Every structure is written in C-alpha cells, then in structure tokens.
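Trainee: We have chain H already, so just place chains V and C on it with the hints.
Chains as they are written, first to last, in our numbering: chain H, 53 to 395; chain V, 53 to 395; chain C, 53 to 395.
I should point out that these hints are in silico values taken from the structure, not numbers from a laboratory. Predicted, not measured: the structure shown is a model, and the values here were computed from it. There are no misleading hints in this set.
Chain C side only, calculated, beta carbon under 10 Å to chain H, not exhaustive:
#1 Gln81
#2 His102
#3 Arg120
#4 Ile137
#5 Thr139
C-beta atoms are modelled at their ideal positions from N, C-alpha and C, and glycine is treated no differently.
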Amino acid sequence: MTWVQNAWYVAAWDGDVGRTPLARTICGQPVMLYRKLDGSPVAMRDACPHRLLPLSMGLKEGDSIRCRYHGLKLGADGVAEEMPIRTDAVNKRICVETFPIVERHRFLWIWMGDKAAADPDLIPNLWPCSAPGWVFDGGYVRVAADYRLMIDNLMDLTHETYVHAGSIGQIELMEAPLETRVEGNSVFLSRWMPGVDAPPFWRTALGKEGDVDRWQICQFVAPSNVIIDVGVAPVGAGATLESHDQGVRGFVIDCMTPETETSMHYFWGMARNFAQEDRGLSARLKAMQAGVFAEDIVVLEAQQCSIEANPQEKVQAYNIDQGGIRSRQIIERLRAAERAERT
Amino acid sequence: MTWVQNAWYVAAWDGDVGRTPLARTICGQPVMLYRKLDGSPVAMRDACPHRLLPLSMGLKEGDSIRCRYHGLKLGADGVAEEMPIRTDAVNKRICVETFPIVERHRFLWIWMGDKAAADPDLIPNLWPCSAPGWVFDGGYVRVAADYRLMIDNLMDLTHETYVHAGSIGQIELMEAPLETRVEGNSVFLSRWMPGVDAPPFWRTALGKEGDVDRWQICQFVAPSNVIIDVGVAPVGAGATLESHDQGVRGFVIDCMTPETETSMHYFWGMARNFAQEDRGLSARLKAMQAGVFAEDIVVLEAQQCSIEANPQEKVQAYNIDQGGIRSRQIIERLRAAERAERT
Amino acid sequence: MTWVQNAWYVAAWDGDVGRTPLARTICGQPVMLYRKLDGSPVAMRDACPHRLLPLSMGLKEGDSIRCRYHGLKLGADGVAEEMPIRTDAVNKRICVETFPIVERHRFLWIWMGDKAAADPDLIPNLWPCSAPGWVFDGGYVRVAADYRLMIDNLMDLTHETYVHAGSIGQIELMEAPLETRVEGNSVFLSRWMPGVDAPPFWRTALGKEGDVDRWQICQFVAPSNVIIDVGVAPVGAGATLESHDQGVRGFVIDCMTPETETSMHYFWGMARNFAQEDRGLSARLKAMQAGVFAEDIVVLEAQQCSIEANPQEKVQAYNIDQGGIRSRQIIERLRAAERAERT
Numbered sequence: 053m054t055w056v057q058n059a060w061y062v063a064a065w066d067g068d069v070g071r072t073p074l075a076r077t078i079c080g081q082p083v084m085l086y087r088k089l090d091g092s093p094v095a096m097r098d099a100c101p102h103r104l105l106p107l108s109m110g111l112k113e114g115d116s117i118r119c120r121y122h123g124l125k126l127g128a129d130g131v132a133e134e135m136p137i138r139t140d141a142v143n144k145r146i147c148v149e150t151f152p153i154v155e156r157h158r159f160l161w162i163w164m165g166d167k168a169a170a171d172p173d174l175i176p177n178l179w180p181c182s183a184p185g186w187v188f189d190g191g192y193v194r195v196a197a198d199y200r201l202m203i204d205n206l207m208d209l210t211h212e213t214y215v216h217a218g219s220i221g222q223i224e225l226m227e228a229p230l231e232t233r234v235e236g237n238s239v240f241l242s243r244w245m246p247g248v249d250a251p252p253f254w255r256t257a258l259g260k261e262g263d264v265d266r267w268q269i270c271q272f273v274a275p276s277n278v279i280i281d282v283g284v285a286p287v288g289a290g291a292t293l294e295s296h297d298q299g300v301r302g303f304v305i306d307c308m309t310p311e312t313e314t315s316m317h318y319f320w321g322m323a324r325n326f327a328q329e330d331r332g333l334s335a336r337l338k339a340m341q342a343g344v345f346a347e348d349i350v351v352l353e354a355q356q357c358s359i360e361a362n363p364q365e366k367v368q369a370y371n372i373d374q375g376g377i378r379s380r381q382i383i384e385r386l387r388a389a390e391r392a393e394r395t
Numbered sequence: 053m054t055w056v057q058n059a060w061y062v063a064a065w066d067g068d069v070g071r072t073p074l075a076r077t078i079c080g081q082p083v084m085l086y087r088k089l090d091g092s093p094v095a096m097r098d099a100c101p102h103r104l105l106p107l108s109m110g111l112k113e114g115d116s117i118r119c120r121y122h123g124l125k126l127g128a129d130g131v132a133e134e135m136p137i138r139t140d141a142v143n144k145r146i147c148v149e150t151f152p153i154v155e156r157h158r159f160l161w162i163w164m165g166d167k168a169a170a171d172p173d174l175i176p177n178l179w180p181c182s183a184p185g186w187v188f189d190g191g192y193v194r195v196a197a198d199y200r201l202m203i204d205n206l207m208d209l210t211h212e213t214y215v216h217a218g219s220i221g222q223i224e225l226m227e228a229p230l231e232t233r234v235e236g237n238s239v240f241l242s243r244w245m246p247g248v249d250a251p252p253f254w255r256t257a258l259g260k261e262g263d264v265d266r267w268q269i270c271q272f273v274a275p276s277n278v279i280i281d282v283g284v285a286p287v288g289a290g291a292t293l294e295s296h297d298q299g300v301r302g303f304v305i306d307c308m309t310p311e312t313e314t315s316m317h318y319f320w321g322m323a324r325n326f327a328q329e330d331r332g333l334s335a336r337l338k339a340m341q342a343g344v345f346a347e348d349i350v351v352l353e354a355q356q357c358s359i360e361a362n363p364q365e366k367v368q369a370y371n372i373d374q375g376g377i378r379s380r381q382i383i384e385r386l387r388a389a390e391r392a393e394r395t
Numbered sequence: 053m054t055w056v057q058n059a060w061y062v063a064a065w066d067g068d069v070g071r072t073p074l075a076r077t078i079c080g081q082p083v084m085l086y087r088k089l090d091g092s093p094v095a096m097r098d099a100c101p102h103r104l105l106p107l108s109m110g111l112k113e114g115d116s117i118r119c120r121y122h123g124l125k126l127g128a129d130g131v132a133e134e135m136p137i138r139t140d141a142v143n144k145r146i147c148v149e150t151f152p153i154v155e156r157h158r159f160l161w162i163w164m165g166d167k168a169a170a171d172p173d174l175i176p177n178l179w180p181c182s183a184p185g186w187v188f189d190g191g192y193v194r195v196a197a198d199y200r201l202m203i204d205n206l207m208d209l210t211h212e213t214y215v216h217a218g219s220i221g222q223i224e225l226m227e228a229p230l231e232t233r234v235e236g237n238s239v240f241l242s243r244w245m246p247g248v249d250a251p252p253f254w255r256t257a258l259g260k261e262g263d264v265d266r267w268q269i270c271q272f273v274a275p276s277n278v279i280i281d282v283g284v285a286p287v288g289a290g291a292t293l294e295s296h297d298q299g300v301r302g303f304v305i306d307c308m309t310p311e312t313e314t315s316m317h318y319f320w321g322m323a324r325n326f327a328q329e330d331r332g333l334s335a336r337l338k339a340m341q342a343g344v345f346a347e348d349i350v351v352l353e354a355q356q357c358s359i360e361a362n363p364q365e366k367v368q369a370y371n372i373d374q375g376g377i378r379s380r381q382i383i384e385r386l387r388a389a390e391r392a393e394r395t
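Isolated chain H (complex conformation):
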C-alpha cells in the first residue's frame, strides 16, 4: 500500500451518510457506513462474516443490519444478534470488523489501521469547518489517480497558470515570494503580500476601499489533507503572516482518502468568516471550486495513465515542487515507521 495506515481519513461528508448503508472502498478495504438512530456513525467491513455478501445490500433493523442472503443480524458493534434461523442460539463470536469512526468538522473520519491507536485527538484540526462565525460547504468526487498526485497538485500553485488559465490563474500570486517551512507533520507554503491592491473578490468581501495586506498559506497536514488559508486585511490593521484575523479570511479545504493505489476519494470545500448568510455566494463559490477541480482531475487522471504507460520514466523535482516533495517525505517517514513497527 502507498498510504499511511494509522491515520484518520475522511470517509464521507456528514450529510452523505444516513440510516441507509453507504458502500465505499477506503484504503483498499470495502467499508459500509451508516448512522444509528441517535445519529452516531457506524463503519464496518462491507462483507457479511457468514458468506461475504456485501452488508450494504442488507436490511436495516433499528441500529442493526440484517444480511440479505441468509438473514444473519449484526449489531452496530458488528456482533451477531440473530442467527439465520431466528430460533438458533446466537454465537456471539460471530462478528464483522468495525472501524473507528468519528464525526468532526463536517466530515466522518475513519481509522483503517491499528484500532488501539485510534485517538480522536489525532484528527486534523480543520477548525474553520465548524467554528462559530464561519460557514463551510463543498463537494465530493472520486478521482482515478494516486492520492499523492493531488497533494503534489495542491502544494504547488504554479500549475494554476496553465491548468486553470481560464478560471483562477492569477499572475500576482506567482510573483509573490514563497516561503516553505516544515513543522512536524505539516508543510507550509506561505506568501505574504503587504500593501497590495485588493482583487475584486476580496475587495467586495472586505467591504472597504484601500490597499490591503494579502496572504496565501498552503498547509499540508499528514497524512493526506491540504488546507489553504487565504484572505486580506486593511493595511495597518496589524495583520501578520502568523496572525491575521483583522480582515476577511477563507480556507480552501482538501481531504484526499486513498480508495485503491490508483484512485482516491476527494473531499473539497471552502470555509469563510464573511458574508456567512449569503447563500448565493456559497453556491457560487461551490460551483467555482467544482469547476476548478474538474480542470485538475482531467490532468491528474491523464498523469496517472501516463505514469503507468511510462514505467521506466521517473518524475523530476524542480524548485516549484518543494511543497509536494516535502509532503511526500513526511508520508514516507510515517510509512517507514509503520513498516518498522510491523516487523
């Protein structure tokens, strides 16, 4: 496998899982997701322990699931509650594997590795997705490419000029000096643009004329998330690269979950602390993001095919690739540690 196993990955948007089972392959494992009557999420292997029929084809009974083949009934804890012949004594050793799953920051986070290590405190801190005063929305798409290609893509905004020539390419971003920094399991790519003319979008958001300090900070959060902190503040308001809540601020949120070694689940969205009630703006931002990411997906899926068709070719790294390279170094370090632990 090409991913870190002991980590929380986004399994689904909060709103995409209800009482009806949802089937999704995560880190190579078929998983079924649903919610209990009290709303708490459940994740279990999508295969009945009896004859392996996908449980997601089954019938929900309260918080339990009954297999559609022979009627074995399993509780939300994965343990047998009723045998195929209802009068047979229940063998409580019969169970399906369940996976730790936690709802936080609008996502359901799943842990596919060593269950004893599944500490919810390790869930990436995507606070803008759930903090008061902020609004957050986005979408989901399956992408037929190695999840690391999306990390490369997001941690390198140079590609905007070519991939997004018709949408968000902005020359002034390219010209601002870029600072790269590794901190623990994160990589930061920071641009600080003091005293610049605000672009129309940010001028409207700020609701104020005059020059602004502007920032763009891409942060890779291991094992597979990228959050981009963007915004402007009036010159002189005291905003710094480290602290900048003096103006308007948004976070582009990108969570990539490996499906197989050559495909991913891609969860994306935008959180903002301005015009929170403007639903038209929310809809326009979401449509804009969907369009931009569609441009990326064409490129990433072609890149994946090309990597497979040119097995003897190795990708090269240039200066602009520092963000992706350092992010991959963190992934490799975590994977190597897991391999060492297993042996």
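Mentor: Chains V and C only, in chain H's frame:
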C-alpha cells in the same frame, strides 16, 4: 481449476444446438457445439488446428466444418478431410480435439476430462426430465460467479426468506425438521411434513381437498447438479419419504457448468407429473423460476465480487450450511482423487 | 517484446500529422508526433519529463511544446527552453526523449531502437508510393492483433478464397504455380501467368484487347512490411517476372507497426502507374481495399482472442504457410541478433 474434470457437465439444452455452430467456453476450454444431419451432437475445441481461428466462425458442409480462414475442412470426428488447397493430399494426422458428448434428459452432456473414462452411465440420472408421464421445461443463464456458490445457494433453502421474500419464501418450510444425509456422491436434505394443510399451488395440482403429506428433498448430485423433489400426497395414501408417487410431484432441476473459475453456465427447469398438457401452467412456472433465479443471481454475483474484494476474509459455516458444506466436501474429495491420479 | 527494435516503422501517414500533436503508442512506447513550422516532423516521448503529463495535451508555441500542467517548455529537440516559473534559469539537462523520424514515400517513419543506428538508408524502399508517374493513396486502422498475424495473412493469399469469398477471391490466382524465394531480409512469393485472358479490371487499365502476361509478387520487407506487385502486360511486349514495366502495374502496400504485443497500427494503400488522374478510380480502389481489409481484421482479431484462449495449442504450418513462416524466420533472426547485442 476449481472443478472436477472427469465428469459430465451440461453443455447446452437440447434445443439450443442445431446445425449451426454454437460457441461456449466450458471448464475453461473454448468449445464449439453442433449437430450432424442425423441429429447427433458434436463437440470440438473451438480453434482450427491450423491457425486457431474459432471453428465456430466456419462454414458447415454436411457434417463437416470448413475453417473460414484458409478452408481446412474437418469432419465431425475432428479429422482433416480437405487441405486449404483442395488438391493437396490430406494429412490425416491433422485434427482438432473433440469431446465426448451425449444427449440425455433434454440436455447435451459433455466430458472435458480423460476421454477413456467418459462412460455415459455416469451421466446424472435426471429421469423426471425425460420419463413418460412427465413434462419438463426451463431456461439458461450465464452467471458471473464460481459455480460452487450456486451449489451453496441451492443446498440451503434458508435464504428463501431473505433473497426471495417477495416471491417464494414460505415460513412453514423453514419450520419443518430437516434431515441431512450423505450417500455416495450425493447429499440429501429432506423435509417430511405429514398431515399438513396443502398450499394453494399444490391443492390445485392435486385437484382434491383435505390434508396432505408434503415433502421437499434437495439432492446434490456430483459434480455440479441439484435436484429438488417436491410434492404432496393425500394423507393415508401411503406416501413416505422414500417413496411418494401417490399424489403430485415436481422436480426443480439445476445444473451448473463451470465456464471459468469465476463464472458458470446455469441450466434450470422444472419437471412435473401433473397437468402435463397445461401449457399455460408450464409458461407460468418457467416465468416464476426465471424471476426467482434472477433474485439469486444478483446475490451470487455480488457475493463473488465481495469474495474477490475481501481476500483475507474466510466464509464461515453455520448449521444451515450443512448442505453446501457436504456437497463441497464431495467435490473436494473427487478433485483430490484426480490430482492424486495425475501425479 | 515481439518485434525488431532497430528498425524503421511507419508512425503515421504524412497527412495525419500537422502542427497539433498526435498521440500514438508505438512499440509499446507512448509517442507524440507533430510538425514544425517548416513542415519537418518531430517525435518525442508523450510524457513531460517533469511530472509525466502527456505532452500531447500541451500547448504548441512555434516549434516548441509547453506542458499543460506546470508550463515546462520543450523545444522540438526535446530540450527545456523555459522552466515552469519563466524567470527561473533554464536547466538544459532537462529533456524528453526524442525519436528519429523521417518522412519518405508518404509516410512518417520512426526508429524506436538504438538511436545511433538510425540510418535513413534503412527505410524500406517503397518507391511506387512517391515515384513520378505513380499515384498512391490508402488508409489507416488499428487492429487488436499481434502484427505478425497480419504478415502471415498477407504472405499467404490462399485465404482469399474463404475470407474474401464475396470480394476479391479469384480462383485463377490459386491455380497458378507459386515460387517462394528468400533474399536477404525479404521473402518473395511470385506467380507468373503468361498468355492469360486479362480479368476485367486489368483489361480496362491496359486499355487494350488481347491476351496478357500477368504477375503477382508478394514481398515481405523486414521488419514488418508487405508489398504486392500486381499487373499485366500485352503478350510479346517483353515482360518478365524480373522486369515488367511494359503494361500497367500496381503495388498493394501494407505496413504494420506494433502498438503493443497484441495490437498493431495498420497502414495500407495502393500505388498505380495508370489512370493516375482518375480520382473516381482512386476512391473506388480505396473503398475496395478498406472493405477487403475489414474482412481480414474480423478474422485476425478473432484469431488473436483464440490464441489467448487456447494457450496450450500451437499453430501448425502447411505448404501454403511458407510465406509467413519464412518472414517470421527473418524477424526471429533479427530479434535474436538484437538480444545477442544487448548481452
């Protein structure tokens, strides 16, 4: 391979093979089937010995087949009769492999193993399919699942409650005591229900009011057939589990032929000894069976996919699985014997 | 690989490559083809050396190509001309593999092997495709079969009787004596038919009544071309098998380029030295050839499938297969020499 090689398998319904070649992969081998002018069936490898073009693309000439590529003509015995250049001397050592094939009980039975062992007496005795006083009809469908999954399915009628909830699920069958018995290369699952109220279908078939003795006997016949003897007789008529021709009787016939390790040809039908002339009943029974088996196929194909997607998971066996387990034990015993013979 | 590596293969028709990149897999390698402003052809690996996005998705700038992902700009020689960030110093060691490509006889010929050995003098001499007094046209089709199956097919005209029964099968050709001769890296199959009645097509072409000398000479030209010299001359005009420009003459041209081990690019056409201005005749000949080759492709693709489905079966060789066998012997000899050189 996952099947017994030295055995007769159904290659086709009698009516599905005529003078025009039919191509079908059986036990992993491409086979061409056709009939001679006298009606007798022919089975040969579907590849010209010259350049391997499928012979089923060829031109029939009398009982012979001429390859459509270079015109090599082969007799029904597989031996060359004419070279590509018609005036060339025929090399009689040129031949294509033929397979023993026998028509019996409305099916064409093929033997893919050691030809010297192909004794027609080994053909399963599906007498109700061809006996006087009986009528038999059915259908064919390719199923993308290991043929053994269908044996499991048929030798366990518990699944009717869930898979066939909307069609044939019958609670009283589930409640009758089940007797399991292995006899040679057969497994019997028997239910004897003395003095019960006849269900509407059987009451009509019997044409008589009053309580009945009812039976349901599933028999696995190695290597890959299941026949289910069902019916009712008036109480006091003398019917027993062993002998029950005092009332009305039907046989559900199921013959599974491996296509590949993960797919099968499924031949199914119903024979009955009542209302033999009622073509409307024949049509309704066939439509009913087609509908029921379609429900099974959805489950079996999903089960096959899930088995492949969860390679580390093993199926478990419960009490209700005795029929399938013992049938598979017979298959495994026969396969082991074949492996021993080969070495 | 199943092909000779150090050889010129047809990559495309001259008219199918323009300034816009064309992507085509040749001998297992993804290749991009385009023309420079001066019309000369360029062939390079279809993968950006940076992140492997297909360069054929890129943007042409003059004779250069700019990758659509990060904007790396490469010259027609494959060497970097501009980095993703335009102001960065160009690293001239960054380059993509280019392949020797030469335009000749209406085709673009590519060399996928050792570049030092790419001598244009080794390009097959298809002079009728470009000589004054001759006219040449044809088509292209991808065929899902090993390229050698097409060589077998073309070097054996016996199959015309069966594969082309409805189109070009001609019994008199089959009856003429056939002479087989190997000369260097060529195989010749020759038929000389002196003093015969001209078939209608040739009678019209010749524009003259009376008996003719007729010929059909199939020539395999290593590694993967077949040219068929056909025509008639008036009796007594002095035509011989070796020299026959006294009447009308045509060449059927067939160039097969391996795409993968089980697929090929097939370039076909016909050159003639009569009625050169008759565009209706050109169109009819092209349509006729397309129809004939479509008949072959059905057979070859079925043959390829059957070869894969019957791995234990070996093709046999008859007298009529001498042409294909000897052509394959030449291919095998060249491949063995290449393997010896590599070790």
